[in-house]
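Engineer: Protein sequence lines correspond, in order, to chains V and U. Each residue of the first sequence is one higher than the last, beginning at 1 in the numbering used here. Each residue of the second sequence is one higher than the last, beginning at 1 in the numbering used here.
Read the hints as simulated data drawn from the structure, not as lab findings. Among the clues, some could well be false.
[Said to hold, decoys possible] Chain U is faced by these chain V residues, among others (derived, beta-carbon under 8 Å): (1) L36; (2) H39; (3) W43; (4) V57; (5) L132; (6) T164; (7) L167; (8) L275; (9) P301; (10) F304.
Even for Gly, the Cβ is constructed at its ideal location relative to N, Cα and C.
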Amino acid sequence: MAVETGQSVVKAADVQSIRGRGHRPGKKPGRLRRTLTTHWYAWAMVAPVVTVIGVIVGYPLVRGLYLSTTNANEANVERHIGVNDIPATYESVGLDNYQAILSDGVFWDRLSWTVVWTVSCVALSFTLGLALATMLNRKLAGRSFYRMALILPWAVPAFVSVFTWRLLFNEKKGLLNKILEGGGIDAIPWLNDPTWAKISVITVNVWLGVPFMLVAMLGGLQSIPGELYEAAEMDGANAWQRFRHITLPGLRTVASTVILISGIWTFNMFPVIFLLTRGGPGDATEILVTYAYRLSFVVSPRDFAGSAAWGVLILALLSIIAVAYRRALRKQGEVW
Amino acid sequence: MVTTVETKGTTPAKKRRPRGREERGPLASVALHVTLLLASAIAVLPPLWLLVTSFKPQSEAFSTDLVKDFTFGNYDHVLNDTEFPNWLLNSLIVVGLTTVIGVFISATTGYAVSRFRFPGMRPLMWLLLITQMFPVAVLIVPLYNLLASLGLLNQPVGLVVTYLTIAVPFCAWMMKGYFDTIPVEIDEAGRVDGLNPFGTFWRLIVPLAKPGLAVTGFYSFITGWAEVAYASAFMTGEENLTLAGGLQTFVNQYTSDWGSLTASAVIVAVPAAVIFGFAQRHLVSGLTAGATKS
């Protein structure tokens with residue numbers, strides 16, 4: 001195998017460990033050139049992604065950071081009305097936006113609801129997904145039927161499902177209230193009462209999220225070697241002990257990744273809330289992301305600077321969480 | 001949890017040995033099936049109800065009967081009298097491009113990250129992880145301005161590029177996980193036979209990675225098919241909307257045309273479900289490869 005074209009993983013590992021310590025053996029043809037000839041394959045393969053991310057994420061990010069320190073809104077940004085170009089007149093205001101947001105109760109209200117929303121959605125869908133996966137991961141009549149049925153919510157595009165739920169949740173005429181009525185229970189104002197609206201959005205999001213958890217956990221369960229269970233049975237471990245000491249540790253890697261990913265997704269889950277309640281009633285179900293969206297695309301005049309500042313704060317929060325999470329995982333001996 | 005129920009059903013003959021994994025008493029079996037049936041019903045009911053409602057006349061949208069006056073009127077209406085066909089076409093263009101480009105570039109990236117150790121690799125992995133966390137809110141305004149200045153608002157291309165940034169990071173992670181499960185020896189054999197890394201990737205690894213590619217394609221497809229925020233902000237004017245934006249116009253604070261909504265929602269859900277059906281065979285393996293290895 002030619003050494004100068006990218007290396008196999010094993011070989012690369014020692015190379016990296018040498019590099020990591022900072023002494024490079026022999027530097028004949030110039031370091032840059034050598035690096036180029038060694039790695040250009042790898043770089044060529046990642047170039048499209050880096051370019052796309054750089055242009056479409058990098059530039060807007062920098063620009064968003066900048067906007068968040070100005071007082072830009074609909075009235076003072078650059079505009080084109082007919083043939084007239086009106087130049088931007090917004091100016092830098094330093095960190096005023098952040099100060100205003102952090103000293104205002106709205107942000108903290110939205111933040112605490114966002115945390116409640118994320119934690120309850122992830123916890124519920126994870127628990128349900130794991131429970132259902134455990135049930136499906138055994139000899140069972142109709143197993144593939146159950147699997148198909150349980151995965152169905154995933155096969156339907158989320159926004160279609162959300163509209164369907166709106167149909168079911170309709171206060172006066174929806175199916176759910178009709179069923180309750182049949183049982184002699186008063187109609188529930190699913191989407192019109194702050195508390196019920198919160199319960200409703202969580203319900204829908206859990207309904208949407210369980211299939212993903214189920215599939216991931218099922219895969220995780222199937223990757224645990226059967227011999228472990230056999231050995232445990234020989235030793236007289238009962239079902240709970242097997243679950244506790246073999247299944248759970250065996251699932252840890254899948255579970256931790258899935259929880260991180262779905263936590264981030266839920267934190268940023270736009271469509272469910274936007275389409276189900278538009279953040280209402282009032283702003284009861286508005287999470288940080290939908291609130292920031294509202295600032296720049298719904299309210300009038302559109303508050304671009306405020307929205308950008310909210311965005312930056314959201315991103316900062318998420319980064320802290322992800323870094324802490326990764327660090328916690330690494331302590332348990334997991335690296336990539 | 002059913003696993004605990006199992007042990008409670010005592011069978012006198014086997015008093016001393018705890019019940020094994022593949023055995024369970026009749027009571028536990030019934031409990032298991034009842035639970036699963038209930039869960040399946042909850043999972044299936046909303047889509048089923050959507051389907052049922054779409055065949056009801058507009059005025060009957062909220063009746064609890066299954067279908068009294070079966071009609072295709074809603075379908076006829078959305079296909080012929082509304083902008084729906086346009087939205088469908090817009091979505092198909094956007095999603096098709098997103099899927100093809102997304103799968104290709106996330107595969108090359110995933111391969112590079114899985115097989116090579118190169119300077120900038122760890123930052124790249126972090127970048128991919130961080131990009132997934134980017135909330136719509138931080139990018140949407142600058143992106144809106146950027147697309148506006150490039151004249152890409154109301155253009156499918158603008159959405160394609162945007163969706164790539166959502167789909168690709170996750171897909172690249174999944175592909176990396178999948179490539180990690182393919183033995184390195186295969187690459188080495190290809191290399192010995194004189195293929196360069198691109199050749200190895202394209203001729204040996206891509207054919208082996210089809211299940212992973214299917215999952216990635218599915219994910220890109222769903223991302224584009226179901227995205228709401230960017231689509232609502234970047235596409236305006238009835239005929240430029242994609243499905244996610246268009247369907248909102250049927251049911252908003254001024255109108256509630258549930259007949260049209262349900263019919264078009266069914267038309268939207270069916271292709272997604274079909275593609276899902278094809279992908280789901282590989283879904284478990286592909287996804288968990290991505291999840292466990294990342």
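Engineer: All hints are to be evaluated individually against the structure, with a verdict given for each.
Structural biologist: Each hint tested on the structure:
1. Using the Cβ-Cβ criterion of 8 Å, the hint placing V/L36 at the interface with chain U is not satisfied: the shortest such distance is roughly 10 Å.
2. This hint holds: V/H39 has a C-beta 4 Å from the nearest C-beta of chain U, less than the 8 Å allowed.
3. Taking 8 Å as the C-beta cut-off, the interface hint given for V/W43 holds, the closest approach to chain U being about 7 Å.
4. The restraint placing V/V57 at the interface with chain U holds, with a minimum CB-CB distance near 5 Å, inside the 8 Å limit.
5. About 6 Å separates the beta-carbon of V/L132 from the nearest beta-carbon of chain U, less than 8 Å, and the hint is met.
6. Look at V/T164: its Cβ gets to within about 4 Å of chain U, closer than 8 Å, so that hint holds up.
7. This hint holds: V/L167 has a C-beta 6 Å from the nearest C-beta of chain U, less than the 8 Å allowed.
8. Taking 8 Å as the C-beta contact cut-off toward chain U, the hint placing V/L275 at the interface holds, the least distance being around 6 Å.
9. A cut of 8 Å between beta carbons decides the hint on V/P301: the least distance to chain U is about 13 Å, and the hint is violated.
10. Hint status for V/F304 relative to chain U: holds, with the closest Cβ pair at about 5 Å, below 8 Å.
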